[in-house]
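With the hints as your guide, set chain G onto chain L.
Protein chains: 2
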Amino acid sequence: MTDSFQYTCAAQDGKARAGTFSTPHGILETPVFMPVGTQATVKSLTPDHLDDVGAQIILSNTYHLYLRPGDDLVAELGGLHQFMHWNKPILTDSGGFQVFSLSETRKITEEGVLFKSHIDGSSHEFTPEKSIAIQQNLGADIIMAFDECAPPYDKVYNQKSMQRTHRWAERCLNAKTRTDQALFGIVQGGVFPDLREISAQTIVKLGFPGYGIGGLSVGETKDEMNAMLEVVNEILPENKPRYLMGVGSPEDLINGVLRGVDMFDCVLPTRLARHHNAMIPTGRMNLKNNQFARDPNPIDAVCDCYTCQNFSRAYLRHLIAAKELLASTLISIHNLQFLISLMKQSRQAILDHRFQPFAQSFLKNYKGN
Amino acid sequence: MTDSFQYTCAAQDGKARAGTFSTPHGILETPVFMPVGTQATVKSLTPDHLDDVGAQIILSNTYHLYLRPGDDLVAELGGLHQFMHWNKPILTDSGGFQVFSLSETRKITEEGVLFKSHIDGSSHEFTPEKSIAIQQNLGADIIMAFDECAPPYDKVYNQKSMQRTHRWAERCLNAKTRTDQALFGIVQGGVFPDLREISAQTIVKLGFPGYGIGGLSVGETKDEMNAMLEVVNEILPENKPRYLMGVGSPEDLINGVLRGVDMFDCVLPTRLARHHNAMIPTGRMNLKNNQFARDPNPIDAVCDCYTCQNFSRAYLRHLIAAKELLASTLISIHNLQFLISLMKQSRQAILDHRFQPFAQSFLKNYKGN
Numbered sequence: 001m002t003d004s005f006q007y008t009c010a011a012q013d014g015k016a017r018a019g020t021f022s023t024p025h026g027i028l029e030t031p032v033f034m035p036v037g038t039q040a041t042v043k044s045l046t047p048d049h050l051d052d053v054g055a056q057i058i059l060s061n062t063y064h065l066y067l068r069p070g071d072d073l074v075a076e077l078g079g080l081h082q083f084m085h086w087n088k089p090i091l092t093d094s095g096g097f098q099v100f101s102l103s104e105t106r107k108i109t110e111e112g113v114l115f116k117s118h119i120d121g122s123s124h125e126f127t128p129e130k131s132i133a134i135q136q137n138l139g140a141d142i143i144m145a146f147d148e149c150a151p152p153y154d155k156v157y158n159q160k161s162m163q164r165t166h167r168w169a170e171r172c173l174n175a176k177t178r179t180d181q182a183l184f185g186i187v188q189g190g191v192f193p194d195l196r197e198i199s200a201q202t203i204v205k206l207g208f209p210g211y212g213i214g215g216l217s218v219g220e221t222k223d224e225m226n227a228m229l230e231v232v233n234e235i236l237p238e239n240k241p242r243y244l245m246g247v248g249s250p251e252d253l254i255n256g257v258l259r260g261v262d263m264f265d266c267v268l269p270t271r272l273a274r275h276h277n278a279m280i281p282t283g284r285m286n287l288k289n290n291q292f293a294r295d296p297n298p299i300d301a302v303c304d305c306y307t308c309q310n311f312s313r314a315y316l317r318h319l320i321a322a323k324e325l326l327a328s329t330l331i332s333i334h335n336l337q338f339l340i341s342l343m344k345q346s347r348q349a350i351l352d353h354r355f356q357p358f359a360q361s362f363l364k365n366y367k368g369n
Numbered sequence: 001m002t003d004s005f006q007y008t009c010a011a012q013d014g015k016a017r018a019g020t021f022s023t024p025h026g027i028l029e030t031p032v033f034m035p036v037g038t039q040a041t042v043k044s045l046t047p048d049h050l051d052d053v054g055a056q057i058i059l060s061n062t063y064h065l066y067l068r069p070g071d072d073l074v075a076e077l078g079g080l081h082q083f084m085h086w087n088k089p090i091l092t093d094s095g096g097f098q099v100f101s102l103s104e105t106r107k108i109t110e111e112g113v114l115f116k117s118h119i120d121g122s123s124h125e126f127t128p129e130k131s132i133a134i135q136q137n138l139g140a141d142i143i144m145a146f147d148e149c150a151p152p153y154d155k156v157y158n159q160k161s162m163q164r165t166h167r168w169a170e171r172c173l174n175a176k177t178r179t180d181q182a183l184f185g186i187v188q189g190g191v192f193p194d195l196r197e198i199s200a201q202t203i204v205k206l207g208f209p210g211y212g213i214g215g216l217s218v219g220e221t222k223d224e225m226n227a228m229l230e231v232v233n234e235i236l237p238e239n240k241p242r243y244l245m246g247v248g249s250p251e252d253l254i255n256g257v258l259r260g261v262d263m264f265d266c267v268l269p270t271r272l273a274r275h276h277n278a279m280i281p282t283g284r285m286n287l288k289n290n291q292f293a294r295d296p297n298p299i300d301a302v303c304d305c306y307t308c309q310n311f312s313r314a315y316l317r318h319l320i321a322a323k324e325l326l327a328s329t330l331i332s333i334h335n336l337q338f339l340i341s342l343m344k345q346s347r348q349a350i351l352d353h354r355f356q357p358f359a360q361s362f363l364k365n366y367k368g369n
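Residue numbers (this note's numbering), protein chains in the order written: chain L, 1 to 369; chain G, 1 to 369.
Just chain L, with the same shape it has in the complex (with noise of 0.2 angstroms):
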């Protein structure tokens, strides 16, 4: 299996690394940044778009799948790849992150979680085993270990939880059975150093082809984060991928790459889309502003993307009064393109080794979220 996911570190400036990791649908250049597609679908966009905005991996859900249209019916239809049309490498968590959530309706033990669904109130349990054959049934080229995204701050809940997550991720490992699908363990530990390095030592020692940084961006400040992320990758392999997961705004995603992180997810481009929210170096531009009415300018006047090349900013927020579905998928392009392209500059500024200044330039002319 360690055959088919290899990461090879191509240059590395200060921590922040420019690398490749391979999966069976295709190599995955790094750092990256990872369109979540919740329901087999990343919302308002067709596979093309993915394409067109340099999409190299996207992120399912194994909590949302599994309730709808089922693991079993994807499976069937000759896993998540096939079903939704998109035949480059596929990421899906463990559904930990979503059942934990449902924090009036679960009900957590050593075994798992049993949880109610959302949709229509049945229950359900996840245990480790349950999660590994899920995501066996979907089929991507990344599955993560279940675990507890715990609340940051109570330390004697995260040592507990923590502990619960390091047997389950070693359940995980026992009960995977593919060997076309890479298992990432994940570190938690809240925001507490000595948690995150024992939880770093101890998932690591287990053995994994890549590593999820888990429970962050969940609350906690931006510097707790970053102060998480430097003790973590301290311990974290220099051969393996590392993933800060749920991460996505621009200065988290620099901050991350500064501090060695490879890969990122976020709903954040296509939420902000769909409330009319583009993103840009300097923030973000709400595009319902009646200071954009009469606006023939692009979002974004150097931004390549589909939308920027051909529409207006008057045009845009014509879509949005007239409540026209074309909003969404059109500032969806643009800003997954431009969190897209953001990674790729990096990893070019990372090779060109001038990651330094291109961070400190970002971050410095950034203002909002």
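Treat the hints with care, as some may be off.
Below, in silico cross-link-like pairs of lysine-lysine (PhoX-like), each with a Cα-Cα straight-line distance of 25 angstroms or less [claimed, not checked]: (1) L:Lys-43 - G:Lys-15; (2) L:Lys-43 - G:Lys-288; (3) G:Lys-367 - L:Lys-323; (4) L:Lys-116 - G:Lys-323; (5) L:Lys-43 - G:Lys-88; (6) L:Lys-323 - G:Lys-116; (7) G:Lys-288 - G:Lys-367; (8) L:Lys-288 - G:Lys-288; (9) G:Lys-323 - L:Lys-323.
Everything labelled a hint here was simulated from the structure, so no lab data went into it.
Leaving out everything else, chain G in the frame of chain L:
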């Protein structure tokens, strides 16, 4: 002006015609189906999708664009082609159909129609001159005379309304100043052959580069519609295109072509798509039905649209169940390509002088609306 808007009949098979019509943004091959982009967007599709499905020309609505974003704004931004990034031909309607539909809030005089906006209740007046001025601001290749689409069965009212429509047609001709737009006259007269005859003769005498046939598919039977087409097309000149307005069911298209119609438009394919219905040679397929839950087949195995080439009925049903926007996009792509291809196939059949059996075979297999 007429030099730019030449209709050439390449072949005739019975009454069915295969022709070309030249416009400033390209040559239409007829018969042709025109997708409707009411608010300067064909709902849920990018202009690239429209290219992909083979759209030669789209229709947009004067009433909607006048109210929002405003025709002056569209003009300021370079006209409708540039505004919505569609560089092929566009046709705008006159706004008449929409304002006459506002039956509770409009008042008709010889001068024009007073009406209230469906968006904010504000008062407005459309006159023939105003309609032409708006359509000149929008800048479509083909613009339509301001007419009244009367209820089909009231003969006294139809006679009175039709005569006013004729006077308005003349006022439209006098109001028009742009030479890069073709103004089509419109024949009215309800379901009454004698009125249709008078209307066709009167409008032809005024002299237009093309003719709309209005007031059909508004409640009359299909036999009545076909009878009116036969009366009118006997009178319309052979060297000008004929446009059956607002008609879009597959059988109506075939019946129209059989009777010498060249152009059609309708919201049906995109509206059906938003309600989960795919158009197929035998009628409609409701993709929300349970029977498709595990169906690996495309909507139509012989269709070469993007949707049928890449996605199963099971996937489309999943998108519908999950309320994902991509369902509308993918089914719209299929439905539009279905109607556009139907007209392309009809054209080829006419050129090959086998349209009569082609049409009969299609109508025989077609079960429903």
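Hints and how they fare:
no., hint, verdict
1, L:Lys-43 - G:Lys-15, "violated (47 angstroms)"
2, L:Lys-43 - G:Lys-288, "holds (19 angstroms)"
3, G:Lys-367 - L:Lys-323, "violated (35 angstroms)"
4, L:Lys-116 - G:Lys-323, "holds (20 angstroms)"
5, L:Lys-43 - G:Lys-88, "violated (29 angstroms)"
6, L:Lys-323 - G:Lys-116, "holds (20 angstroms)"
7, G:Lys-288 - G:Lys-367, "holds (20 angstroms)"
8, L:Lys-288 - G:Lys-288, "violated (33 angstroms)"
9, G:Lys-323 - L:Lys-323, "holds (17 angstroms)"
Of the numbered hints listed earlier, those contradicted by the structure are 1, 3, 5, 8.
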